[in-house]
Structure formats: structure tokens, C-alpha cells
Amino acid sequence: MATFQFELVSPEKLLLSRAVEMAVLPAAEGEMGVLPGHAPMIVTLRGGVIAVTENGQVTERLFVGGGFAEVTPGRCTVLADEATPVGQLSKAAAETRVREAEAAYTAAAMDTPEKRDATMARLLSARAMVLAAEAA
Amino acid sequence: MASLKALRARITSVKSTRKITQAMKMVAAAKLRRAQSQAEAARPYAERMERMLASLGASVAGSPDAPKLLVGSGAEQVHLLVVVTGDRGLAGAFNTNVGRFARSRIRELEAAGKTVKVLSVGRKGAAYLKREFANRIVGEISMAGKKRVEFADAQEIALRITAMLEAGEYDVCTLVYNRFRSVISQVPTAQQMIPTMLPEVGATDAPAAGGAQALYEYEPNEEEILATLLPQNLAIQVYRAMLENSAGFFGSQMTAMDNATRNAGEMINKLTLNYNRTRQANITRELIEIISGAEAV
Numbered sequence: 001m002a003t004f005q006f007e008l009v010s011p012e013k014l015l016l017s018r019a020v021e022m023a024v025l026p027a028a029e030g031e032m033g034v035l036p037g038h039a040p041m042i043v044t045l046r047g048g049v050i051a052v053t054e055n056g057q058v059t060e061r062l063f064v065g066g067g068f069a070e071v072t073p074g075r076c077t078v079l080a081d082e083a084t085p086v087g088q089l090s091k092a093a094a095e096t097r098v099r100e101a102e103a104a105y106t107a108a109a110m111d112t113p114e115k116r117d118a119t120m121a122r123l124l125s126a127r128a129m130v131l132a133a134e135a136a
Numbered sequence: 001m002a003s004l005k006a007l008r009a010r011i012t013s014v015k016s017t018r019k020i021t022q023a024m025k026m027v028a029a030a031k032l033r034r035a036q037s038q039a040e041a042a043r044p045y046a047e048r049m050e051r052m053l054a055s056l057g058a059s060v061a062g063s064p065d066a067p068k069l070l071v072g073s074g075a076e077q078v079h080l081l082v083v084v085t086g087d088r089g090l091a092g093a094f095n096t097n098v099g100r101f102a103r104s105r106i107r108e109l110e111a112a113g114k115t116v117k118v119l120s121v122g123r124k125g126a127a128y129l130k131r132e133f134a135n136r137i138v139g140e141i142s143m144a145g146k147k148r149v150e151f152a153d154a155q156e157i158a159l160r161i162t163a164m165l166e167a168g169e170y171d172v173c174t175l176v177y178n179r180f181r182s183v184i185s186q187v188p189t190a191q192q193m194i195p196t197m198l199p200e201v202g203a204t205d206a207p208a209a210g211g212a213q214a215l216y217e218y219e220p221n222e223e224e225i226l227a228t229l230l231p232q233n234l235a236i237q238v239y240r241a242m243l244e245n246s247a248g249f250f251g252s253q254m255t256a257m258d259n260a261t262r263n264a265g266e267m268i269n270k271l272t273l274n275y276n277r278t279r280q281a282n283i284t285r286e287l288i289e290i291i292s293g294a295e296a297v
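If you read the protein sequences in the order shown, they are chains L and U. First residue of the first sequence? That's 1 in this note's numbering, and the numbers climb one at a time after it. First residue of the second sequence? That's 1 in this note's numbering, and the numbers climb one at a time after it.
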């Protein structure tokens with residue numbers, strides 16, 4: 001089957017760079033599957049799991065905390081704020097993060113809408129991390 | 001001439017100094033390797049960020065409601081310098097070089113009638129600039145006690161810079177740091193961060209795009225993507241500067257400690273020579289005394 005170049009980078013390292021058949025990204029407005037020849041797009045990502053398919057099977061599942069993706073017909077580049085293979089996620093750490101994010105959200109209740117949105121995004125990302133850790 | 005005992009004491013003291021500088025050199029070399037690989041690991045992200053920003057920025061830059069982070073506040077009266085230096089000394093002229101570079105820049109800007117504010121990342125830069133520009137320093141961030149530079153630290157600094165921009169505290173933000181050219185050469189560099197210097201679209205886009213520049217679709221939309229992309233871009237620039245700074249610092253420290261070790265060795269040789277000469281002179285003198293004493297009997 002046709003493939004395209006998939007790259008996943010976080011500020012701290014290059015996690016993945018190879019030819020894959022399909023990648024499912026947690027785009028801000030819903031999950032998005034990328035196949036070779038996709039129309040050029042730039043999307044923001046929310047916290048969630050990226051699933052990479054090679055040879056008809058899901059070979060990699062990585063949690064990203066948010067970020068961006070650039071899609072062109074022959075390439076898909078994901079710039080993640082942070083990225084961890086799902087198998088290495090710790091549920092306890094994720095739950096601590098949810099609690100922190102909840103506290104931050106409560107604290108920001110009286111703040112500007114932008115700040116509230118930012119803390120909300122953080123909370124949702126943390127919740128997605130718990131779900132991903134549970135599923136692993 | 002110094003007594004034998006004093007000479008012996010000095011030789012021991014220089015020897016232990018040499019041991020310390022030698023150990024510091026080894027430690028710096030190990031840390032340098034780590035800092036270098038970390039800096040390399042951060043490069044792909046920065047490159048791709050730049051590419052994305054180039055295509056995005058070009059489409060938004062012209063519009064009047066472009067975000068402040070991208071186009072600045074329109075004026076250029078108040079300059080913010082973010083000066084990145086090491087937290088510790090004993091690294092040759094590393095910190096002084098950035099300090100001097102920042103100082104001449106501050107003077108230049110002030111001579112042109114601008115107001116300058118300084119945000120110092122790293123203790124040494126603040127210490128250096130405080131002597132002359134104490135009232136311009138608006139903040140001091142110290143990374144002392146941290147083993148390595150984390151992206152989260154850079155993000156925090158970037159948040160602070162953004163908050164200051166939103167509060168209208170400055171118009172132009174420039175990053176001053178030591179660019180890591182090689183282990184023995186670090187170049188003080190100034191890099192303008194706000195307004196964002198957009199890279200040329202054509203220059204950065206790989207030919208892989210298939211000839212014509214592809215038109216991107218944006219989801220949710222350009223403005224919203226930019227609103228998250230720009231702070232991230234700021235953070236990555238700060239992060240890069242901090243990484244280059246730490247790699248450069250250890251490189252410079254390694255060279256400085258290597259020189260110190262060599263100088264200590266030279267000094268030990270000289271002192272030992274001196275010590276032996278004095279010892280021989282003493283023996284000769286004692287012999288003469290004994291012989292002339294025996295002759296007198």
C-alpha cells in the first residue's frame with residue numbers, strides 16, 4: 001500500500017520519522033485520519049493519542065499533550081508539545097496532572113476568557129492522558 | 001629567598017589546584033557532550049516550526065488585526081533585551097563576552113534615544129549588568145541548581161515575555177546569547193524575537209512540496225493557529241538560546257580549565273626547580289661551614 005513520510009517531533013527530540021500508511025491525529029475539531037495524498041493542511045491538536053498504521057496494523061500509539069500538524073500530500077509533520085509512547089504513560093502521574101489542571105481551572109474562573117480556555121485545554125489534555133494510560 | 005618549607009607548601013597547594021581544575025575539565029567535557037546532544041535533539045522541532053510559521057505568517061502578516069506577538073506593537077521605543085548567560089563562573093571570558101556585547105547594545109540603543117529594559121536569564125549576566133544598568137533590569141531568572149535545561153523552563157520565560165508585551169511594557173524584544181559555533185568558539189549574538197522575523201517562504205520550503213507552493217487549509221483558522229503557534233515559537237527560541245548557552249558554557253569552561261591545568265603544571269615545574277636549587281645551596285653552605293670550622297681547629 002502507498003505510504004507517506006510521517007514525522008513526530010517534540011521540543012526535546014525527534015520521536016518518529018518514517019514512511020507509514022496511515023496516521024490518526026487528535027485534531028482540535030475531531031479525530032482526523034491522514035492517508036497519502038491528503039490535501040495540504042495545518043491543524044492544531046488537542047491532547048490525545050496518535051495511532052500510526054503500517055502494513056495494515058497499528059504499530060505505534062503515542063500520546064501527545066497538544067501541538068500542531070502540517071499535512072502535505074507526501075508528508076505529515078506533527079509538532080507536539082510533549083509526546084510519550086502510550087505504553088510508558090503512568091496513570092498516577094496523569095491523575096496528578098488532572099488534579100493540578102482542575103485546580104488551575106478553578107483558580108482561573110474569574111480570569112479573562114482566553115486564560116480560562118487555556119486552562120480548560122490543559123484539563124482536557126490531562127484527562128485524555130488518563131484515558132490513554134488506562135487503555136494501555 | 002623563600003624558605004624550603006614555604007616552597008614545599010606552595011608546591012602542594014598548586015598541585016591540589018591542578019587536581020581540581022583537571023577534575024572540573026573532565027566534568028565540563030561530560031556535561032558538554034550531554035548539552036550538545038540535547039541541542040541537536042531540539043533542532044528538528046525548531047526547523048519545522050520555522051517552516052510552518054513561514055507559510056502561516058505570510059498569509060496573516062498583512063492583515064490589520066494580526067496578533068501582537070507577530071507584528072509587535074507598531075512602535076519601537078522601548079526595547080527589551082533578554083540576556084542569556086551562565087549561572088556560574090570559572091568559564092573563561094564566556095559570561096563577560098555576552099555581558100560586554102549586551103552593554104554596547106544597550107549604550108547604542110540609549111544613544112539613539114530608546115528606552116531599554118533587561119531581563120536576565122542566568123545569574124552572571126545580571127551581576128555583570130547590574131553595575132552599570134541596575135535600574136534597567138526588570139527581572140532575573142536563575143537556572144542554578146538545575147541539572148539540565150527543560151523545555152518547561154523556557155516556556156515559563158516565554159510566558160513572562162508575552163505577559164509583558166500584553167501589558168505594553170516594551171515594543172521590541174531581542175534575545176542576546178552566546179551562539180555555540182564550536183567547543184572553543186562562542187559568538188555573542190542578538191536575535192530579534194518580537195516582532196517576529198519571518199523566514200522567507202521560498203527559502204525554507206523543501207522542494208518536496210512538488211514545485212508550486214501548496215496552499216494550506218487551516219483548521220480551526222489562521223488566527224487561532226497563530227495564537228497558539230506564536231507563543232510556542234517564542235518558547236522554542238528561548239529554549240534554543242538556553243541550550244546553546246549551556247553547551248557554550250561547558251565548552252568554554254572546558255577550555256578554561258584545560259588552560260588552568262597546564263598553567264598549574266608549569267608553575268609546579270618552576271617551583272620544583274626553585275626548591276631544588278635552594279636545597280642544594282643550603283647543603284653547599286652547610287658543607288662550607290663544616291669544612292671551615294674543621295680548618296679553624
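None of these hints come from the bench; they were simulated from the model. Please note that the accuracy of each hint is not assured.
Derived DSSO-like pairs: lysine-lysine, alpha-carbon spacing no greater than 30 Å straight-line [unchecked claim]:
1. 146(U) x 115(L)
2. 13(L) x 146(U)
3. 114(U) x 147(U)
Here the structure is a predicted model, which is why all the values come from computation and not from measurement.
Okay, the hints, checked on the actual structure:
1. 146(U) x 115(L): Given pair residue 146(U), residue 115(L) holds - Cα atoms ~29 Å apart, limit 30 Å.
2. 13(L) x 146(U): Distance ~20 Å between residue 13(L) and residue 146(U) Cα, so the pair holds.
3. 114(U) x 147(U): violated (38 Å)
This entry does not satisfy hint 3, going by the numbered hints stated previously; all others are met.
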